[in-house]
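Asks: Spelled out, the chains give:
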Amino acid sequence: MASTAAPPGAVGKSPPRPDGPAKVTGATRYVDDLALPGMWHGATVRCPYPAARLLRLDPAPALAADPEVVVLTARDLPGPNVIQLIADDWPVLAAERVNHACEPVALVAAPTRARALAAAARVVVEAEELPAVLTLDEALRGDPRAGGQQPLVLAACTVERGDVEAGLAGADLIIEGSYETGHQEHIYIETHGAIGIWHGEEAGLEVIGSLQCPYYVHKALVRLFGLPPERVRVRQAPTGGGFGGKEDFPNVICAHAALLSRRCGRPVKIVYDRHEDIIATTKRHPSRVRHRTGVRRDGTLVAQDIEVLLDGGAYVTLSPVVLSRAVLHAGGPYRCPNVRIRGRVLATNTPPNGAFRGFGAPQTQFAAERHMDRIARALGLDPLAIRERNAYRPGDVTPTGQRLDASTNALECLRAAAERTRFRERWRAIERERARGRPDDGQPWQGIGLALVWHGSGFTGDGERRLGARAGVRLLPGGRLEVLAASTDFGQGTSAVFCQLVADAAGVPLEQVQVHEPDTAAVPDSGPTVASRTVMIVGGVLQRAAAQLRARLLAFAAERAGLKAERLRLVGGQVLDPQDRVVASFAELADAYLAAGGEASWIAQHQPPPEIRFDEKTYQGTAYPAYGWCCDVVEVRVDPDTLAVRPERVTIAADVGRAIHPVLCAGQLEGGTLQALAWGYLEEIKLERGRYLNDRLQTYIIPTVLDTPDMETILIENPTPASPSGAKGVGELPMDCGAPAIVAAIENATGIAVHALPASPERLLEARRAGQVVQPQHAGA
Amino acid sequence: MQEAIAVSDTVRFTVNGEPRCWQGEPMARLLDVLRYELGLTGTKEGCGEGECGACTVLLDGEPVCACLVPMLQCEGRAVQTIEGLGGADRLEPVQRAFVEAGGVQCGACTPGLVLTAWALLQREPRPDRARMREALAGNLCRCTGYERILRALEHTIAARQGGGAPAAGTGEATP
Ligand code: FES
Ligand code: FES
Numbered sequence: 000m001a002s003t004a005a006p007p008g009a010v011g012k013s014p015p016r017p018d019g020p021a022k023v024t025g026a027t028r029y030v031d032d033l034a035l036p037g038m039w040h041g042a043t044v045r046c047p048y049p050a051a052r053l054l055r056l057d058p059a060p061a062l063a064a065d066p067e068v069v070v071l072t073a074r075d076l077p078g079p080n081v082i083q084l085i086a087d088d089w090p091v092l093a094a095e096r097v098n099h100a101c102e103p104v105a106l107v108a109a110p111t112r113a114r115a116l117a118a119a120a121r122v123v124v125e126a127e128e129l130p131a132v133l134t135l136d137e138a139l140r141g142d143p144r145a146g147g148q149q150p151l152v153l154a155a156c157t158v159e160r161g162d163v164e165a166g167l168a169g170a171d172l173i174i175e176g177s178y179e180t181g182h183q184e185h186i187y188i189e190t191h192g193a194i195g196i197w198h199g200e201e202a203g204l205e206v207i208g209s210l211q212c213p214y215y216v217h218k219a220l221v222r223l224f225g226l227p228p229e230r231v232r233v234r235q236a237p238t239g240g241g242f243g244g245k246e247d248f249p250n251v252i253c254a255h256a257a258l259l260s261r262r263c264g265r266p267v268k269i270v271y272d273r274h275e276d277i278i279a280t281t282k283r284h285p286s287r288v289r290h291r292t293g294v295r296r297d298g299t300l301v302a303q304d305i306e307v308l309l310d311g312g313a314y315v316t317l318s319p320v321v322l323s324r325a326v327l328h329a330g331g332p333y334r335c336p337n338v339r340i341r342g343r344v345l346a347t348n349t350p351p352n353g354a355f356r357g358f359g360a361p362q363t364q365f366a367a368e369r370h371m372d373r374i375a376r377a378l379g380l381d382p383l384a385i386r387e388r389n390a391y392r393p394g395d396v397t398p399t400g401q402r403l404d405a406s407t408n409a410l411e412c413l414r415a416a417a418e419r420t421r422f423r424e425r426w427r428a429i430e431r432e433r434a435r436g437r438p439d440d441g442q443p444w445q446g447i448g449l450a451l452v453w454h455g456s457g458f459t460g461d462g463e464r465r466l467g468a469r470a471g472v473r474l475l476p477g478g479r480l481e482v483l484a485a486s487t488d489f490g491q492g493t494s495a496v497f498c499q500l501v502a503d504a505a506g507v508p509l510e511q512v513q514v515h516e517p518d519t520a521a522v523p524d525s526g527p528t529v530a531s532r533t534v535m536i537v538g539g540v541l542q543r544a545a546a547q548l549r550a551r552l553l554a555f556a557a558e559r560a561g562l563k564a565e566r567l568r569l570v571g572g573q574v575l576d577p578q579d580r581v582v583a584s585f586a587e588l589a590d591a592y593l594a595a596g597g598e599a600s601w602i603a604q605h606q607p608p609p610e611i612r613f614d615e616k617t618y619q620g621t622a623y624p625a626y627g628w629c630c631d632v633v634e635v636r637v638d639p640d641t642l643a644v645r646p647e648r649v650t651i652a653a654d655v656g657r658a659i660h661p662v663l664c665a666g667q668l669e670g671g672t673l674q675a676l677a678w679g680y681l682e683e684i685k686l687e688r689g690r691y692l693n694d695r696l697q698t699y700i701i702p703t704v705l706d707t708p709d710m711e712t713i714l715i716e717n718p719t720p721a722s723p724s725g726a727k728g729v730g731e732l733p734m735d736c737g738a739p740a741i742v743a744a745i746e747n748a749t750g751i752a753v754h755a756l757p758a759s760p761e762r763l764l765e766a767r768r769a770g771q772v773v774q775p776q777h778a779g780a
Numbered sequence: 000m001q002e003a004i005a006v007s008d009t010v011r012f013t014v015n016g017e018p019r020c021w022q023g024e025p026m027a028r029l030l031d032v033l034r035y036e037l038g039l040t041g042t043k044e045g046c047g048e049g050e051c052g053a054c055t056v057l058l059d060g061e062p063v064c065a066c067l068v069p070m071l072q073c074e075g076r077a078v079q080t081i082e083g084l085g086g087a088d089r090l091e092p093v094q095r096a097f098v099e100a101g102g103v104q105c106g107a108c109t110p111g112l113v114l115t116a117w118a119l120l121q122r123e124p125r126p127d128r129a130r131m132r133e134a135l136a137g138n139l140c141r142c143t144g145y146e147r148i149l150r151a152l153e154h155t156i157a158a159r160q161g162g163g164a165p166a167a168g169t170g171e172a173t174p
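Protein chains in written order, with numbering that gives the first Met the number 0: chain U, 0 to 780; chain F, 0 to 174.
Calculated directly from the structure, the hints in this document are not laboratory data.
Keep in mind the model is a prediction, meaning the values are calculated, not measured.
Glycine is no exception: its CB is placed at the ideal position from the N, C-alpha and C atoms.
Hints are not guaranteed to be accurate.
Said to hold, decoys possible - Label pairs and their in silico Cβ distance ranges: (1) Glu765(U) <-> Arg89(F): 22 to 32 Å; (2) Ala77(F) <-> Arg431(U): 52 to 62 Å; (3) Ala64(U) <-> Gly23(F): 17 to 27 Å; (4) Asp88(F) <-> Gln578(U): 39 to 49 Å; (5) Ala113(U) <-> Asp59(F): 41 to 51 Å; (6) Glu765(U) <-> Asp127(F): 35 to 45 Å.
Said to hold, decoys possible - Selected chain F positions facing chain U (in silico; Cβ < 8 Å): (7) Thr9; (8) Pro18; (9) Cys20; (10) Gly23; (11) Gly60; (12) Glu82; (13) Leu84; (14) Gly106; (15) Ala107; (16) Val113.
Work out the full structure, taking the sequences as your base and the hints as a guide.
Replies: Take a look at the structure:
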């Protein structure tokens with residue numbers, strides 16, 4: 000029976016995700032669904048001022064009202080008052096200085112959540128307000144923390160290639176522009192939460208959290224509690240969305256829950272409600288990007304001079320890495336011989352900004368794409384023509400000197416999306432219609448716009464080499480395989496894809512493979528689940544481990560059968576001889592192997608090829624092992640009276656290398672596209688005195704299904720040599736593309752050129768009043 | 000008078016068909032009672048103010064936000080939560096379609112969306128996309144971009160038509 004079963008393999012198909020049934024029946028238990036015996040609840044005391052000197056924290060009123068509660072301040076920390084990330088400037092609890100609104104200053108625990116919140120409200124916070132720096136402009140004028148005369152620079156970097164000044168001097172035309180984007184909130188539907196479980200000095204500490212990076216939290220707790228690594232255990236609970244928001248901040252909330260647990264001697268859970276989640280957690284960095292570009296008359300780029308400014312908020316968090324990615328993507332997917340990109344992250348007294356899907360690249364590519372449209376209009380070219388002329392081809396060289404490989408599909412994506420939507424014809428028709436003048440009949444204006452982006456998969460530069468991600472496969476009785484990886488699934492479908500890759504590499508049916516819960520006590524450090532690295536890097540490590548397992552078991556089978564191992568094959572869970580006769584089933588073989596005392600786990604480690612090198616001092620070399628490419632065409636309708644925008648349809652053409660699970664892959668592209676569109680026209684955070692004003696879902700608006708366009712996804716598969724499966728990262732790529740595409744569609748519909756996000760009706764009106772209006776392009780190139 | 004107070008503090012209702020007699024603060028949120036007293040944690044809290052729909056349950060068959068429903072409004076009524084739909088081995092067609100079509104990612108919105116979708120398909124056999132959008136507009140999803148959720152509903156409808164009689168509660172009919 001099995002000998003005829005030519006194994007179709009799992010990769011490239013879309014089997015139902017293993018966590019699906021539990022999720023559609025409500026059986027999945029997220030952090031707030033867990034109740035441990037004796038568990039208490041934690042709450043956070045926050046200081047309202049954006050900058051202040053703390054004078055006094057008085058828990059007496061809280062204790063008087065409810066003597067059972069526990070209150071804890073910076074004085075009670077067992078170790079350094081530092082949230083471990085890149086720099087040591089982010090305190091676990093502010094001790095003397097408060098650097099942003101709603102900064103935590105004390106923690107409270109009580110038997111119920113209501114009592115904890117009531118007690119937290121009674122803790123007296125006395126502070127003297129200090130001058131605060133609240134915007135990028137104020138930061139540029141000088142930050143008191145840096146002496147008052149200059150900005151406080153949290154990170155800086157520069158990429159240079161060729162000679163920008165000479166390039167600009169030789170250009171036919173120099174075009175300048177400045178572009179801005181604001182904060183964005185992740186709005187994962189499950190808010191932040193963690194349970195700390197202090198088992199005692201000997202048994203150590205356990206934390207269960209809604210998080211992306213178990214080993215980040217592990218490192219932070221080891222340092223804070225001064226415990227040996229093996230006495231700290233971090234487990235990821237099923238996580239209801241992350242989008243980068245659960246990369247950095249879990250280091251904070253997990254530390255808080257753990258501190259309270261140690262103090263109370265019982266499990267303590269902290270779960271933020273939506274309001275607290277918005278005011279307290281990290282956001283996307285606001286940006287300002289300036290372009291000065293030299294072009295030839297035919298549209299060829301000859302020089303790009305780009306300056307990137309990011310608002311880091313109060314602390315460094317992950318800003319240096321965000322900036323690095325922002326800078327490396329700032330030129331857009333375009334070849335240019337002379338490039339200079341200078342980037343800085345400045346401190347402000349606003350809550351710290353951190354990781355958000357795209358990690359700086361959406362900000363700089365919004366600017367790059369808007370600038371391409373500006374250049375095109377200045378030269379009388381259409382949006383497609385300017386991009387066709389300049390898009391990277393295989394063999395082109397990036398600003399870091401990286402020669403792009405054969406899997407460089409900018410043009411394929413551009414053409415696929417444009418042809419599918421008849422972009423050029425329709426864009427021009429609408430330009431002509433605007434030129435003729437439209438009847439004042441209240442009918443909505445149609446518009447169509449396009450953007451093209453690239454996104455590097457994996458860590459920047461030598462990050463993967465330094466990390467050396469480890470992951471593996473364990474053999475279980477009955478021939479089941481268990482994936483051991485610290486990569487987390489917070490919706491993307493990591494578990495499903497890992498099972499597919501391992502099943503095929505080991506030669507067993509998909510149903511035989513399961514994934515171990517990410518738990519630092521049980522799985523090796525595969526690195527964080529960020530940077531679109533999971534399928535490409537960790538997936539590749541798993542394939543190697545599974546192949547080792549397969550080879551070992553075939554050798555064992557050969558020994559038993561008295562055959563040569565090379566003559567046996569493991570296919571679809573059966574060991575076959577050269578005549579395709581079944582020698583043994585994998586299940587039987589596995590049991591015999593385990594009974595004979597064979598090793599049960601195979602752990603492999605990522606080893607980037609030696610020729611992949613990046614010099615962080617000069618910013619030269621291979622910035623990323625592979626790049627994904629994506630083109631969005633967005634169609635909108637704009638109400639001529641209110642200027643309200645309605646996205647109607649989006650066509651996404653993305654080069655993903657190889658779609659391991661096409662349905663999940665498209666799901667990543669579509670979800671990311673909607674987040675990007677919404678950042679482009681809808682989502683906005685307003686601040687007052689450094690505090691977020693729209694701090695609930697009634698006021699921070701994300702799209703409902705009514706605001707959402709129909710989406711069509713075109714997957715372009717051109718495998719990258721950088722990963723064994725050929726897959727590139729896909730999680731972040733769509734986040735770069737949606738905003739500039741919808742703003743371009745709005746420009747086509749209304750003639751209003753938007754340079755600052757979001758393109759909300761009020762901003763559109765403002766822009767029109769300010770004369771930011773483009774002339775219709777009738778003739779076209 | 001004693002009695003009057005006792006009556007107003009007691010709420011008799013059914014949860015997933017089971018009669019319940021609940022006593023407590025009449026303004027307590029149905030959401031908290033379900034999650035923390037009855038252990039029905041499939042109903043999620045995403046905002047606590049009626050914006051996200053993660054807390055959707057069916058009250059006499061109609062989708063409502065359990066975070067906005069005080070217990071006193073439940074007197075004599077039938078509450079259905081996600082746990083009252085098919086279990087993992089007895090998925091409703093729409094549940095199975097959510098999994099197969101890619102309508103599930105992180106799952107935090109899923110119980111609410113599944114209930115709203117199931118209630119819609121109970122009432123209307125063949126809603127078009129516009130009608131689906133209207134019905135699902137109270138349920139936010141941040142992961143999927145909604146496209147595959149709409150397709151899950153379309154698949155369910157197509158399977159029903161292809162498979163003849165609606166496969167109520169059995170979960171057989173899928174494309
Ligand atoms: S929690 Fe009830 S609508 Fe959001
Ligand atoms: S699947 Fe994550 S919010 Fe919908």
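Asks: Each hint: holds or not?
Replies: Outcome of the hint check:
At roughly 56 Å, the beta carbons of Glu765(U) and Arg89(F) sit outside the given window of 22 to 32 Å. Checked against the given bound of 52 to 62 Å, the beta carbons of Ala77(F) and Arg431(U), roughly 59 Å apart, stay inside it. Range check, Ala64(U) to Gly23(F): about 22 Å between beta-carbon atoms, so the 17 to 27 Å window is met. Checking the proposed 39 to 49 Å range against Asp88(F) and Gln578(U) shows it holds: the Cβ atoms sit about 40 Å from each other.
Our hint of 41 to 51 Å for Ala113(U) and Asp59(F) is violated, since their Cβ atoms are close to 29 Å apart. In this structure, Glu765(U) and Asp127(F) meet the distance hint of 35 to 45 Å, their C-beta atoms being roughly 38 Å apart. About 22 Å separates the beta-carbon of Thr9(F) from the nearest beta-carbon of chain U, more than 8 Å, and the hint is not met. At a threshold of 8 Å, the smallest CB-CB gap from Pro18(F) to chain U is about 21 Å, leaving the interface hint violated.
Annotation: Cys20(F) was flagged as interfacial toward chain U, and the flag is violated, the nearest CB pair being 23 Å apart, outside 8 Å. Hint status for Gly23(F): violated, given a least beta-carbon distance of 13 Å to chain U, over 8 Å. Taking 8 Å as the C-beta cut-off, the interface hint given for Gly60(F) is violated, the closest approach to chain U being about 18 Å. Hint status for Glu82(F) relative to chain U: holds, with the closest Cβ pair at about 6 Å, below 8 Å.
The beta carbon of Leu84(F) comes within 7 Å of a beta carbon in chain U, closer than 8 Å, and the hint placing it at the interface holds. For Gly106(F), the interface hint holds, since its Cβ comes within 8 Å of a Cβ in chain U; the closest pair sits about 3 Å apart. The criterion of a C-beta within 8 Å of any C-beta in chain U is met by Ala107(F), whose closest approach is roughly 3 Å, and the hint holds. Checking Val113(F) against chain U by beta carbon gives a least distance of about 5 Å; that is within 8 Å, so the hint holds.
Of the numbered hints given earlier, the model fails hints 1, 5, 7, 8, 9, 10, 11; all others are met.
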